[in-house]
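J.: Each chain is listed here by its residues.
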Amino acid sequence: RKEVEQDPGPFNVPEGATVAFNCTYSNSASQSFFWYRQDCRKEPKLLMSVYSSGNEDGRFTAQLNRASQYISLLIRDSKLSDSATYLCVVNMRGSQGNLIFGKGTKLSVKP
Amino acid sequence: DGGITQSPKYLFRKEGQNVTLSCEQNLNHDAMYWYRQDPGQGLRLIYYSQIVNDFQKGDIAEGYSVSREKKESFPLTVTSAQKNPTAFYLCASRGPGTSGRLQETQYFGPGTRLLVL
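As given, the protein sequences belong to chains A and B, one line each in that order.
Under this note's numbering, the first residue of the first sequence carries the number 1, and numbering increases by one thereafter.
Under this note's numbering, the first residue of the second sequence carries the number 1, and numbering increases by one thereafter.
No wet-lab data here; the hints were simulated from the structure.
Incorrect hints may have been included.
Derived BS3-like pairs: lysine-lysine, alpha-carbon spacing no greater than 25 angstroms straight-line [said to hold, decoys possible]:
#1 A:LYS45 <-> A:LYS103
#2 A:LYS103 <-> B:LYS9
#3 A:LYS45 <-> B:LYS57
#4 B:LYS9 <-> A:LYS106
#5 B:LYS70 <-> B:LYS14
#6 B:LYS9 <-> B:LYS83
#7 B:LYS83 <-> A:LYS79
#8 A:LYS106 <-> A:LYS42
#9 A:LYS110 <-> A:LYS42
#10 A:LYS45 <-> B:LYS83
If the Cβ cut is set under 8 angstroms, some of the chain B residues that face chain A in the computed set are [unchecked claim]:
#11 PHE12
#12 ASN28
#13 PRO85
#14 LEU90
#15 GLN106
From the three backbone atoms N, C-alpha and C, an ideal C-beta is built for every residue, glycine too.
Start from the sequences and build out the full structure, keeping to the hints where you can.
T.: Here is the structure:
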């Protein structure tokens, strides 16, 4: 079983739409959770951390369900500039800070 | 400005040649990492270093070597033993972000694209 699984997409949505991405992780010892954004042919950049209580940063909302080992990212009022690949990332306890990356979900926002 | 730099942006390797990719950071981070990304694939860990003069193999270390003689620098050598070196190579360091609201995690350099001639 893959350690971090994401739907690869692509998700094609119109500007202004709300879109949600999901991610599941296999290791219950996972400790920290993140969403990174990667633009085409660029490096991944941290979008936001994911906290147990859920957290919001502007149009972005991240949620964590430890019981189901499930992470989500919700983007409201999509902009053209949101087009990118979104990587779900997990850090396991005792892993010396090593991260496990999902393969990413591709989002394309159309005018 | 604090950050991570990688050079060169593009690198061409001939058959049987060793090439070295540079990674430098001025974030004062102790831990540094090298990843490889192939099209449509996730990031795979090649080597990592938690502290100067120490490094560990990642998931796909065969055909690669590293050194960590200085805190700021973590060069990666792709040796001739690596039979499929064409990929996007990403270096990262771990620590707090440069903005106050960013928590400790890994931050990436801009990457080096390695192509085989």
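J.: A separate judgement is required for each hint: does it hold in the structure or not?
T.: Results of checking the hints against the structure:
1. A:LYS45 <-> A:LYS103: Satisfied, since the Cα-Cα distance of roughly 14 angstroms is no more than 25 angstroms.
2. A:LYS103 <-> B:LYS9: Holds. A:LYS103 to B:LYS9 sits at ~23 angstroms (cutoff 25 angstroms).
3. A:LYS45 <-> B:LYS57: Judged against 25 angstroms, a Cα distance of about 24 angstroms means the pair holds.
4. B:LYS9 <-> A:LYS106: Holds, because 24 angstroms separates the two Cα atoms, which is no more than 25 angstroms.
5. B:LYS70 <-> B:LYS14: 29 angstroms, violated
6. B:LYS9 <-> B:LYS83: 21 angstroms, holds
7. B:LYS83 <-> A:LYS79: 41 angstroms, violated
8. A:LYS106 <-> A:LYS42: 14 angstroms, holds
9. A:LYS110 <-> A:LYS42: 21 angstroms, holds
10. A:LYS45 <-> B:LYS83: Violated, at about 29 angstroms.
11. PHE12: 17 angstroms, violated
12. ASN28: With a minimum Cβ separation of about 15 angstroms from chain A (threshold 8 angstroms), the hint on B:ASN28 is violated.
13. PRO85: 18 angstroms, violated
14. LEU90: 6 angstroms, holds
15. GLN106: Hint on B:GLN106: holds, closest Cβ of chain A at ~6 angstroms, below 8 angstroms.
Taken one by one, the earlier hints fail for this structure at numbers 5, 7, 10, 11, 12, 13, listed in ascending order.
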